[in-house]
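Construct all of the structure, not just a fragment, from the sequences and the given hints.
There are 2 protein chains.
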Amino acid sequence: MDKKKNFVIIGGGACGPKAAARARRLDANANITMVQDEVYTSYAACGLPYFISGLVKSGNELMVRNAEAFKRISNVDVLIHTRADSIDRAAHQVHITNLLDGQTSALQYDKLVLATGANPIIPPIKGIDLQGVHVLKKIPDAEEIIALMTASVTHKAVIVGAGLIGMEMTESLVSKGFEVTIIEALDRLLAAVVDEEITDLIARHVKGKGVTLKLGQRIVGFEGEKGHVQRAVTDKESIEADVVIFAIGIRPNSKLAKEAGLEIGTFGDIVVDQHLRTNDPDIYAGGDCVANVNFITGQKVFVPLGSTANKQGHVIAANMTGGDQIWPGIVSTACVKIFDFNVGRTGLGEKEAVSAGYDVVTGLIPGLDLPEYYPGSKEVIIKLIVDAGTHRILGGQGTGSGEVIKRIDVLATGITMGMTVETLANLDLAYAPPYNSSLDILHHLANLVLNKMAGRIQGLKPKEVKEKLDKNGDFTLLDVRSRGEFKAARIESPQTRLLPQSRLRQEMQDLPKDKEIVMMCHRGVRAYQAACTLKGAGMKDVKFMEGSLACWCDDVVGEPPL
Amino acid sequence: MDKKKNFVIIGGGACGPKAAARARRLDANANITMVQDEVYTSYAACGLPYFISGLVKSGNELMVRNAEAFKRISNVDVLIHTRADSIDRAAHQVHITNLLDGQTSALQYDKLVLATGANPIIPPIKGIDLQGVHVLKKIPDAEEIIALMTASVTHKAVIVGAGLIGMEMTESLVSKGFEVTIIEALDRLLAAVVDEEITDLIARHVKGKGVTLKLGQRIVGFEGEKGHVQRAVTDKESIEADVVIFAIGIRPNSKLAKEAGLEIGTFGDIVVDQHLRTNDPDIYAGGDCVANVNFITGQKVFVPLGSTANKQGHVIAANMTGGDQIWPGIVSTACVKIFDFNVGRTGLGEKEAVSAGYDVVTGLIPGLDLPEYYPGSKEVIIKLIVDAGTHRILGGQGTGSGEVIKRIDVLATGITMGMTVETLANLDLAYAPPYNSSLDILHHLANLVLNKMAGRIQGLKPKEVKEKLDKNGDFTLLDVRSRGEFKAARIESPQTRLLPQSRLRQEMQDLPKDKEIVMMCHRGVRAYQAACTLKGAGMKDVKFMEGSLACWCDDVVGEPPL
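Each protein sequence line maps, in turn, to chains A and B.
Quick note on numbering: my numbering labels position 87 of the first sequence as 87, and the sequence is numbered without any gaps.
Quick note on numbering: my numbering labels position 147 of the second sequence as 147, and the sequence is numbered without any gaps.
Think of the hints as simulated: they come from the structure by calculation, not from any bench.
On a predicted model such as this, the values are computed, not experimentally measured, just so you know.
Any given hint could turn out to be false.
[Said to hold, decoys possible] Rough simulated footprint, nothing fancy, chain A against chain B, three-plus residues with beta-carbon under 8 Å:
(1) 44-51
(2) 81-87
(3) 138-145
(4) 233-239
(5) 264-272
(6) 309-320
(7) 330-342
Each residue gets a CB set at the ideal place from its N, CA and C atoms; glycine is no exception.
Shown next as structure tokens:
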């Protein structure tokens, strides 16, 4: 019989526990030790915003398995309250300190797993240490934030950073009655997650929930009294708040690895190969402390997610017990719930795709997630990003109160497999009225992009139409909705003209033949059809506004006198 | 300028209207005529069960566009109340009859589209013409069924045929207070849709809603008084009912095509090539009157769905206007809502896959569609079917009250693209607590199948365990749940033994080393882990029951004295 192997795993969040439990299933005899610097092990940190909002009643609900259960079920020794201080690669040892009694010792390893996670970025700005300014990373953070919220006098909160955590925390705080202001240095929300068209829709939704957005403002510091924060100070103004969530981003926790001489990447990540092995063949790394290859571009990206961490733990367990499993990389799928809006993305965003050198064609369609006649249908807005060279789908993203995430998962699967837009157009997705329309919005998107690529139609984004209007361009914005719809809400401009689709064929001869016409309607369907009609009648410069009024995030005039 | 083309389309359901509207967008000048034998055009026949249940308030809501709107918007002439009598291929003419005034005439075509749909199968059995016995195909059928239900005295209904329509109508009738009995000649529900494991779960659910199942009974006829049905008679018994929905299946309506000498397939379908062209190059066909190639097996299958019909209309429009678009075929995706259960399937079922010559491995996992800590999570049960030779995913199906259909759509996409189970295991699906667990049930399924293929674990289906128990086999059914769970509900047998997972490592030496042990728990997770533990301890004949109690459809003893 082989000598018993010693497996040591540093980090007890997601990747570590997964690696430990599976290593036991693959090797019944090894000594497996997991080192964790806090008391909690194997917990869903992603659930913390919902613990803070009260949807989840206690931090313990988020914990999958505690140290005692790990021993009992998987025969894994979990050293809680234990810090890993250094790695002696030559001696194959990890030096550790028990944080409760200060005792130090060393763990011998045959294979070592670094699942050290990531740390919130906390710049040394003025007042960052004031009470009331908090990051959210672990269960104790959430408990402290709950205490801060309970003690709040003003019920005014500031979120610094409009990324995934910032947006989740916005919802949590609003649900608890807080007046929330978001400070974001970039000029839009979720800039690293979704494109501008989607961001603008989310911003409109968030503002509708009473949230104040301070975009393009840089946080400078915090001011307070008696050690407690009272104001967040930006480069432009000062905002009152006695609860501040600081969420500008996280960075791989690669200190141990770096000090041990392991290779560190541009994100501060521990560099690993396709087996999730570091440049030391006896040391693996996974979870938030590593970067990933986006396998559309082959470029490394830092997208720290619990889902990836869990899968990587699984792969590491196989490889450290003598198996041969490949970690393929990611397509950068992400999603977040923001009030009533579901938000998702996968693959490349439009700008990323352009930067990566693709000849990009996009499509933007709002629509209902169920047949209009079926009760409970809700709006979804999806954007598709395609490479005109290969017709391959590069990315997709969307938002709305309807079923966005199913479409994102379909696109993530297709992108992973190199699907073309032709295949998407005829994809055999599940159809029955309680679940979908006979054609999914993805089918419509694929057809729209195919029509654009074939030169059959030219689309303009709402933002592009807005720019044309702002420049007072010489074109007609032809609204083909009904008179009633037009009356209820319309884009007011000198260029705007109403000609309902029902009268288009009779009256189109009155339209200027040699002038640019941009068609619009409610969601873009009628505008598209009408544009085809005008093109068929020989008009040359006809476009349609993709998404039309449903995706229009600028001013609209309602109930005008007609 | 080219001479104006004449396009004639026979059939105004789904494929026909789609072809007509797009043909207009692609050819502004053609004369386009659509022939429809009823007054309704372009309507969602799939919504009829929801019109009957009252969820949809009127038949008109199901109609996308009437004849007048077709003319106005798409400049398509729709001849309603018009029957196509014959096709003169040599003369390129369709002979038609106006059903209101009996006038006959002929339409000249350059390209002809047959979108003649399918007809319900109505065998000439005794009493089939009695009032109260009805099929469901068109809006007038639904209106007549509603009238029958309103006039019902007994509020007892019989559904003949447990396919998709039969099951949808079961829900509609129960929702209207009817006592429903389903008569099905095969020994299970939805036999053409899902495998036995899924069927059994659905049957349990349906019975729980008060529906009576008469499986393995063949309908022989109907008996009544004063011309109205009062009893359905099977080969075994007679069942009282004054409303009968006859839904044993549909058959392509290919009479016109056949009489015109076009090639007809084994399903009675109009044979078409990849361009949806019949053996006459000027005649296309699409929708329910054609069969499709399942592109996993390359075999022809008859899966008539509105989704496929719409996509085919789109393809036909391109090809008949001079384009070149390929119809790739289907992966036989289907879904249906049955009370609180969502049901979906895609690809091949297990038996189909075995028949097609694959070396089949399956996995069955019940689980929650959201993290357990997140409110509102619901149960889903998914089965995965994989080819052990290539590791390609062949099929997937599932049911449960949770989000089944998203998983089916992901699998449909993966199967279309030839995805392997390795890729599925690491697929970058969207993760955030409001949408999913960090690992999707599909990831777990992929890992289970990989572990089974690698010989790391052996799974048994609940039915296989039941058979072993029925044979009084010499094995131990080891339940590793807690004592409390065991007390609440358990499989009672001489083989059953309780050993909670928390005590397994301490007490496993007491288990027989040389006897077969089948592990079970609630959903199979602990049983799987425990089986790995026992195998690790050197026990040779250890298996686990996939799906365990959650998928057990036979007797369970609750609250026994312990």
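Results of checking the hints against the structure:
no. : hint    : verdict
1   : 44-51   : holds (count 4)
2   : 81-87   : violated (count 0)
3   : 138-145 : violated (count 0)
4   : 233-239 : violated (count 0)
5   : 264-272 : violated (count 0)
6   : 309-320 : holds (count 5)
7   : 330-342 : holds (count 9)
Hints 2, 3, 4, 5, counting from the list given before, are not met by this structure.
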